[in-house]
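Given these sequences and hints, build the entire structure.
Residue-level listing of the chains:
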Amino acid sequence: MRILYFAWLRQKVGAGEEEVSPPDAVKTVAALVAWLKAKSPAHAAAFANMQAVRVAINQEFADWNAPIAEGDEIAFFPPVTGG
Amino acid sequence: MIRVQREDFDPGQELARLTVGRTDIGGVMLFCGLVRDMVGPSEGSGDKNAAAERIRTMTLEHYPGMTEKMLAAIEAEAQARWPLQASLIVHRYGRLHPGENIVLVITCSAHRQAAYEANMFLVDWLKTKAPFWKLEERASGTSWVAARAGDDAAAVRWTKPGAKAAE
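Protein sequences appear in the order of chains D and R.
Residue numbers for the first sequence follow my numbering, beginning at 8 and rising by one.
Residue numbers for the second sequence follow my numbering, beginning at 6 and rising by one.
In short, the hints are calculated from the structure, not lab data.
By construction, the Cβ of each residue, glycine as well, lies at the ideal position given by its N, Cα and C atoms.
Part of the chain R face toward chain D, derived, beta carbon under 7 Å:
1) G38
2) Y68
3) M71
4) K74
5) F137
6) V150
7) A152
Okay, structure coming up:
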């Protein structure tokens with residue numbers, strides 16, 4: 008599973024992307040976030056305020072209860088500010 | 006058509022390219038967004054430190070792949086809602102300076118109303134749906150631009166009445 012981070016989430020995690028293999032019990036985005044937070048203090052800091060985090064699964068906006076599967080590309084980022 | 010690029014664009018040239026040889030276009034609306042050297046949250050407050058807080062650069066980060074997908078989806082939505090003869094969205098990324106172009110949205114229709122409305126719709130939606138993030142650099146350091154509630158409100162007004170009733 009490929010995880011991408013953008014903007015200040017990328018800075019807090021310290022990497023723009025990483026390959027992860029969460030256990031089978033991790034079936035939703037919310038469960039994935041909980042699992043990632045336990046990986047390192049940097050991850051915990053990046054996900055400290057979930058109100059300020061958005062997620063996309065395979066380049067489509069998604070909800071926290073959305074199911075995830077092996078091979079998915081999951082991106083975490085702040086609310087967008089383009090234009 | 007949509008394009009995501011680091012390079013600058015020439016709005017006049019883009020417009021000419023879009024309308025050359027066309028005789029079915031009666032109205033064109035062109036929006037171009039530029040980088041301002043605005044001061045931060047206290048913008049326009051006359052703060053004596055304001056001059057030191059002017060923006061030096063604005064760096065646009067984006068999500069390659071999803072950006073193009075979202076812009077294409079937004080353009081398709083505009084084409085479905087309004088009778089457009091042609092449209093173009095160009096969005097830049099990378100490190101930009103005050104005065105530089107950021108985004109270009111051109112809508113062409115037989116009549117002005119569709120061109121006006123579709124253009125506002127495209128800008129409002131891309132501000133809240135296209136995965137771009139702005140990093141401002143000032144003398145005192147850098148900071149990520151926070152999303153504005155006003156932009157969300159501007160995007161929501163284009164929600165179809167039917168979609169709202171279904172909620």
